[in-house]
Amino acid sequence: MTIKDVKDALGARYVCGEELQDTEVHAACGSDMMSDVLAFMKDRSVLLTGLCNPQVIRTAEMMDIVCIVFVRGKKPDDTMIEMARERDIVLLCSGHRMFSACGLLYEKGLRGGSPYR
Amino acid sequence: MNEKIILNYNVDSDDFTRAGEASGNVKRNLKLMGVDPDIVRRVAISLYEGEINMVIHSNGGAIEVIISPTEIEMILKDEGPGIEDTELAMQAGYSTAPDNIRSLGFGAGMGLPNMKKNSDELKIESKVGVGTTVTMKVFIS
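Residue numbers (our numbering), protein chains in the order written: chain A, 1 to 117; chain B, 118 to 258.
Note that these hints are calculated values from the structure, not bench results. Cβ atoms here follow ideal geometry from the backbone N, Cα and C, with glycine treated the same way. Some clues are possibly wrong.
Among chain A residues calculated to face chain B with C-beta under 7 angstroms, some are [stated by the list, open to error]:
| no. | residue |
| --- | --- |
| 1 | 33 |
| 2 | 61 |
| 3 | 95 |
| 4 | 96 |
| 5 | 98 |
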């Protein structure tokens, strides 16, 4: 699945990084707790979150996350958008709630990591 | 890369907007040096968790990262207040972080366990009223 497929499945819009829309994504993680995200290890992931602060971008940077989907209509501010641009992270906004957004991507074949141990 | 490279950063208490700048800088440097991506990510996660902990819990401090051909050593030294029960702090899910920190996405009690999981060595030395020094190592070979 590509970032464009994620965007289409969620009816989302690009905030930045549209030029990277053909990047492949292999897994996804949905959480408002960045502590949980940092315990999740998977290459080329998508992060779905309702949290909207600069630490979301930094967490994505540490985890090599290629795309962040802000759910529940959350909108990142200019500082966050600039940070994402500098790090080649695609930002998407979706009006879906977390459960529905995760479900739509799961239905399209995207999976999470293995169970936490 | 035969010599040691030393990177130093100051970490301010409660400056949540800048939290993670040091970890991001270290990550970019390691990538430029051509270090294995898996090692880079483990260092970045361990250091970021530690840096966040310093911002949330400490009175400020400093981070030193020593990069050698065989290992990456991270020394996070703060100026207090110190950890009362280190063993308890290591338990997954235990946290003394206030509610406002949870609303920022942290404080789930996963920081220290995650640092342990991603580093090859973790040592915590703490004295209440004095400060805490966390030393982590990730081996390259």
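> Which hint numbers doesn't this structure obey?
Replying inline: The structure breaks hints 3, 4, 5; every other hint is satisfied.
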